[in-house]
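Peer 1: So you can see what is in the structure, the chains are spelled out below.
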Amino acid sequence: MNLQELWSIFIMQGFAGISLFSVLLLMGLGLALIFGQMGVINMAHGEFMALGAYTTYLCSTLVQDHAPSLLPIYFPIAIVLAFILSAALGALVEWGMIRHLYKRPLDTLLATWGLSLILQQTYRSIFGAREVTPTLPEWLMGSFKPTESIDIPINGVFVLLLAGAVTGSLLLFMFKTAFGLRLRATVQNRLMSGAVGINTKMVDRLAFSVGCGIAGIAGAAFTTIGSTGPDSGSRYIVDAFLVVVFGGAANLFGSVVSALGIAQAQSILEFFLEGTKGKVATLLFIVVVLMFRPQGLFPSKVRS
Amino acid sequence: MNIKTLFKSKAEVYTTVTLAALVLVVLPLLLPIFRLNLFGKYLTFGFVGVGLVLLWGRCGILSLGQGVFFGLGGYCMAMFLKLEASDPISTKIQSTPGIPDFMDWNQITKLPWFWEPFKSFPFAMAAILVIPTLVAFGIGWAMFRRRVGGVYFAIITQAIALIISLGIDGNQGYTGGRNGITDLRTLLGMDIRSNVSQYIIYYISALLLFACILFGKYIINSRMGRVLVAIRDREDRVRFSGYDVAMCRSFVFALAALFSGIGGAMFVLQVGFMSPSLIGIVPSIEMVIFAAVGGRLSVIGAVYGVLIVNLGKTTFSEAFPELWLFLMGGTFIAVVMFFPDGLAGLTEPGGPLSKLWQKWGARLLPGLARRIAENHSSTATTTVLAEKTALNEVTNATK
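Quick note, the sequences are listed as chains A and B, same order. As numbered in the numbering used here, residues 54 to 357 make up the first sequence, in order. As numbered in the numbering used here, residues 311 to 709 make up the second sequence, in order.
Same shape as in the complex, but just chain A:
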């Protein structure tokens, strides 16, 4: 193996990591909003992602059966639908469950885990235990070759662009809109925000549902790189939580950096170490770092 080949492997594994990075980032952003800003642990976050993925699958099946001519353009619509459905379910869950538990963060963890069991079994009853894959539009398939030995898949690039767009919109949403201002105020001082007339309950519900909606987009993105099963979401939940905690809980920028680091380390190590050892090594490294630096990479300076 000469240096040129090693470099090509590095780039290609790097791109495999980019797909993982995009999914982790989208999962992590939603969690950062829900966990970092509101202190709620949503163990069912993976199931919201699976909801997005199944929505995409449903759209693809419907389009294929009834309007095959729409096949090239259904995917963006599916992404929007995935966002709307997940956000709606998120709002419902916040109203029915989470809002009663804000004072007991550990209990939200347990209750949402119960929810995730129910959702998983629902998916299993509706779609079956087998993994499903939507038919992807032609333009998402294939790859392009910048040089002779490097092969970059188009779906990876698409997912990366999608993740970038969502991150950008979320940042704009948080820092340039009235709602973002209210949300940040509520995180800093809930009592005072209520006193100056912010409807903090409404802010909570909207933040939770936007977080779940982003998980739905993550699910839509996920369908381009893997097949969806009832427990697809739960496979990413620990990684997603580590992304948020490692990045510094209330810091969106930190989530981006740590998602990139975790995804790249995992996929590059997976090439050199066999099986799951790459993942084990990465997770172990993060846990050890967190033991010595529990505030994460980029701690926010909000008083608790």
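If you are wondering where the hints come from, they were derived from the structure by calculation, not from laboratory data. Each hint should be verified, as a subset may be incorrect.
Derived, one-sided and incomplete: chain B residues facing chain A with beta-carbon distance under 10 Å [claimed, not checked]: (1) 462; (2) 464; (3) 471; (4) 481; (5) 592; (6) 642; (7) 650.
Heads up, the beta-carbon is just placed ideally off N, CA and C, and yes, glycines get one too.
Take the given structure of chain A and dock chain B to it, following the hints.
Peer 2: For chain B alone, kept in the frame of chain A given last:
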């Protein structure tokens, strides 16, 4: 240690004695050995439940990694049993006789160094107790000293559970991989699968469990127990009063791990195998569910929770596998949202069930209510008053 340091009230004595009678007398008399063995398996999860009551209910530390310590204890026991089962004569068809079969399948020709000491029975027994405790103390001390707690602790312990289960899964030659360590036959020459030894193992599990329950009660009712509750409710005040909060937390975390490790070792003896499927995220969080359903504040309640949830799991997942997850998820949400103290919280004096009894039972059966009220008059005056008003209402209504 006298009896008062173990039991605060008569009710505690009654519930403990009832559980003891159920586990030690009623179940062995009623059930055939196959079913009893199943209950023996549930009891081993009871060890984890008792630990979680101390750790989570009393001290407010939610660990989602108790499966790790259950697994460590279990693997220590399984390694000893596996070496006993892989003597050179019974493994003579292997290319390297005398090592466990899965090592032979993975082209390992020499027993790895960390397996060597598990040939010794005393070492294995000591390891079951020491390794989970030390690992937990190390993790706890590293984190509690930096004041990591609550949600972060839960997430990190969950990540540790994932790491350990993936790590065991991925190193098949050294650990048996996904299948785990199977085909365990004898303990010091005693066939662990025969009916007689199944009874012996059941009773050893049950007695060890009661030892852990009593020790748990001793801790809860001691000064240490009150410090733990104080840490749960107002950590900084305890720290300002001069207590070493990190040390107290590490202690209770290590104690819970010790209990879990014993449970894991007994589990291996009950079922004859150990695998990473008992360590990962799902089993670890299920153990928390057992404790939550039974009552996170009560060691006896947690053991009932373990028995009930597992019995439900076995019964329902045999009969209606689809419904089971709905039921389990639903129960869990309901317990967390409406009965945070679980079954034990429902039945204790002043709890929802006793209120319900005051409201309806007294109307339906005034004579019985009066007699119960008289019996309880020395311990619970408020209950009596409430029941008397209920009785007055009844008499007014009949007039």
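Peer 1: Decide, hint by hint, whether the structure agrees.
Peer 2: Here is what the structure says about each hint:
1. Interface hint at residue 462 of chain B: satisfied, since its Cβ lies 6 Å from the closest Cβ of chain A, which is below the 10 Å cut-off.
2. Given the 10 Å rule on beta carbons, the hint for residue 464 of chain B holds: about 6 Å separates it from the nearest Cβ of chain A.
3. The beta carbon of residue 471 of chain B comes within 9 Å of a beta carbon in chain A, closer than 10 Å, and the hint placing it at the interface holds.
4. Restraint check, residue 481 of chain B versus chain A: the minimum CB separation of about 8 Å is within 10 Å; hint holds.
5. Interface hint status for residue 592 of chain B: upheld, as the beta-carbon distance to the closest one in chain A is roughly 8 Å, under 10 Å.
6. A hinted interface residue such as residue 642 of chain B counts as satisfied when its beta carbon comes closer than 10 Å to some beta carbon of chain A; here the least separation is about 3 Å, so the hint holds.
7. The interface hint given for residue 650 of chain B holds, since its Cβ lies 7 Å from the closest Cβ of chain A, which is under the 10 Å cut-off.
Checked against the numbered hints listed earlier, the structure breaks none of them; every hint is satisfied.
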